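**Student:** Sequence:
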Amino acid sequence: MPRRTPRFTLDRLRTPGRFPGFLKTASVCALIAGLLSPLSQVAAAAEVTAANDYCGGQCSDILPPGENGNATLAQILLNQAFGTQPDHAEDQLGPYANLAKGYPTLTNATINTFFNDASFGVASDQVASTLSPAGRSDVTIVRDKKTGVPHITGTTRYGTEFGAGYAAAQDRLWLMDVFRHVGRGQLTAFAGGDPSNQGLEQQFWRNAPYTEADLQAQIDNAVAGNGARGQQALADANAYLAGINAYIDASDSGRYFPGEYVLTGHKDSITNAGTIDHFKITDLVALASVIGALFGSGGGGEVNNAVSLLAAQEKYGVEQGTQVWEAFRERNDPEAVLTVHNGQSFPYATKPASPQGAALPDTGSVTSQPLIYDATGTGGDATATSTAATATATALSSARRGMSNALVVSGQATASGHPIAVFGPQTGYFAPQLLMLQEIQGPGISARGASFAGLSMYVELGRGQDYAWSATTSGQDIIDTYAVELCQDDYHYLFHGTCTAMDVVEQKNAWKPTTADGTATGSYTMRVYRTKYGPVEYRATVGGKKVAYTTLRSSFMHEADSIIGFQMLNDPDYVKSPQTFQSAVQHINYTFNWFYADSTHTAYYNSGDNPVRASGVDAEFPVWAQSAYEWRSWVPATNTAEYTPASAHPNSIDQDYYISWNNKQAKDYSTASWGDGSVHRGNLLEDRVKKLVAAGGVTRASLTKAMADAALADLRAEDVLPDLLKVINSSTVTDSAAAAAVAKLQTWLTAGGRRTETTAGSKTYADADAIRILDAWWPLLVKAEFEPGLGTGLYTAFTANLPIDEAPSAAHGPTGAHAGSSFQYGWWSYVDKDIRAVLGESVQGALPQKYCGTGTVSSCRDILISTLKTAAGKTAAQVYPGDTLCAAGNQWCADSIVQRTLGGIKHGNISWQNRPTFQQVVEFTSHR
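Counting along the sequence shown from 1, when you hit position 9 you're at 9 in our numbering, and nothing is skipped either side.
In short, the hints are calculated from the structure, not lab data. Be aware that one or more of the hints could be misleading.
To be verified - Quick list of in silico lysine to any residue cross-link-like pairs, SDA-like style, CA-CA up to 20 Å: (1) Lys744 x Pro779; (2) Lys874 x Gln746; (3) Lys690 x Lys744; (4) Lys315 x Gly793; (5) Lys690 x Gly752.
Keep in mind that this is a model prediction, so the values were computed, not measured.
Using the sequences and the hints given, assemble the complete structure.
**Tutor:** Structure below.
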């Protein structure tokens, strides 16, 4: 196998700890040689005729690192030993990375230097292979030479979906297996007890602790409630599963299955003993529960909200404390950037005039409900305990990180007169990637785009024949917290006056060292106590009464329902207009912002099953688990309720432009997470797109450049630093150290405030000192600005609601550090409003008092200069302490993006960008 030379320079990752030294044995080369049996199926080239395509060659997409997410044992060993890559494992990583320095000179003609051509079909001279999976005559899988993307064409519906399942297993079998075990809370038993595996299964199983019967019931209910489309979805899912299982059988007998099965002890490399379990339909629900919890379940955090409200009331008294809390909460900040910006109001989860039913905890009484019991070995050591605490905090937070962005411009402002969209989801960076690319053409299906591996019976984000769609996470509140009063003991509660036992759902996991994961032997039991109001998350007292706080999510026990909406999006006979698009996504019960573009129209719709709350209930806080405060028409047995009508969801057709970066959707529409204030990363898109639209003549290139420029922007520098420097420069800076720091910051700001390399591949930032200073300064200035006025208790409580910072080098997002997505949550709006108030400028939705220097410019200036000097004195090694990838002080590396390994193939890190993982650039030229 020849070594492939990347088209750009990559930092080679160190051999992960989960492959502890196994490549160092003398027999590694012999082992590789012995395993070099056929690595893939042989297939002949053939010509494919494209389906109806109205994009005129103007649809593009990209999904790093590459389409091929499967690797045999031999390929894994070669990658670990020599850095070689399987075909199509990282051929989209270079173009994706290169946009960071290539966008300034981008033209329409050069877009596909950085993206793939997303036209339907494959030109005859670009066909790499054609396969009839399992010998079927009703479906073919064609792969193109450039990227290896599967183009699935079926003459029957069953054959089409069978091909989709077969192609998914070809490209992502190991990943699909990993995530069905995550969804079932069985990852450590399957893949090893590494702390990251422990954290992953704990985080998701806490929110979706389903039994096998629960998973099957969700399928049955989704099918029964959706008529012919429900029956079709079931048939599609079964055909898809048959395709997956056919590939499992073929790869097992042919011995080209993913090598991770050997490395984790499931298969024997010599005898081929062992099994790869077939997929079953309930696995799809387990997979969906993971994706829904990660990206589409807004809400939660009510207990944390109550704790900070009590802290505010303790400091200021009830009335003033509540006012302070509301100011920092920014439920409906008048300065917040909006997706629907035409002034239309969509009230949801607003503050009631007379709140009813609140069940605030007694101060100091709140404790988290344990998840882990009976731990042994590495399941109960100090690392495991810390991992469990982090997983709990992540699972219970209202902040959903990673997310996505969208830029959509009406044809009125484009050069061609046709709408243009640049959009996609930020789903983190994994190897293999959670998403996979595909094209599906068959009866009732015509689409190309990305789907989550294992759920790819339909394209979930992509394009149809004459339209494209995408989504961003919206985060409106569909999760409420109830205080159930305990009776008899800690495991019984009052339900409508009857003392009722909590249901106990358990998952016992045990692991031992394997070649892939050397974590020592360990075990634990995950135990969740479920009530009719959802799983127990906290214990506390309310007015001296013992309670359990539970979380009820409207999509709980409804993880399969959204399949109908995705089926509609893929159906060219259903989606023919912005109105039918909106109708399709109304069938998706997860919380997303959906965007649409065809050759004439654009559209937007916010999806999710938004429960209608009882009159007077404030969605921000826990309420008593009593009939008077339940969701309207709530049925506990099925967890169904009355939901707000489609017209009450933020929606729009043909607005002049739309932007979304997980910002506020519309006026009066409250989201569960904090931080929708005057400064939000959505402003980075709003400012650029608004300027483009005002000038007119927008092109695919200019809109892509706006996205790419925002992807390198430091939000703090662009939107907050100018006012900070205005305060500092209100008089001459005489201290030499402070003056030097100010000069560096001003120079960087003048250059654009971007975090970008000096030249492509230099691995050194331009204005590196200024970036280091701001990274060190921000947490110092926020603390010095706000803690004296708020007091330590309230300041600390507010930081639990909203973290201070989210710089690129921080550990956050769905992949931890090196996650790309940045500046989603932070105190930049608070700093902005406070500094502007101190300067005497107009502030809408101002904070209740001036905090910096108690409100005087001179005292505020002293605080800023003092903290700036301290920050400037910090070394790079102090600001960027290093990790398993990066040496201390390596600023570029600390920010860099890593494809987090979920299998045996590793990739190098790339320069930081804050942009979607999968991304489309589309401009349709005509319509059916």
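**Student:** Compare the structure with each hint and give your call.
**Tutor:** Each hint tested on the structure:
1. Lys744 x Pro779: holds, 19 Å
2. Lys874 x Gln746: holds, 19 Å
3. Lys690 x Lys744: Outside the cut-off at roughly 30 Å; violated.
4. Lys315 x Gly793: holds, 9 Å
5. Lys690 x Gly752: Distance of about 18 Å is within 20 Å: holds.
In summary, the one numbered hint that this structure violates is 3.
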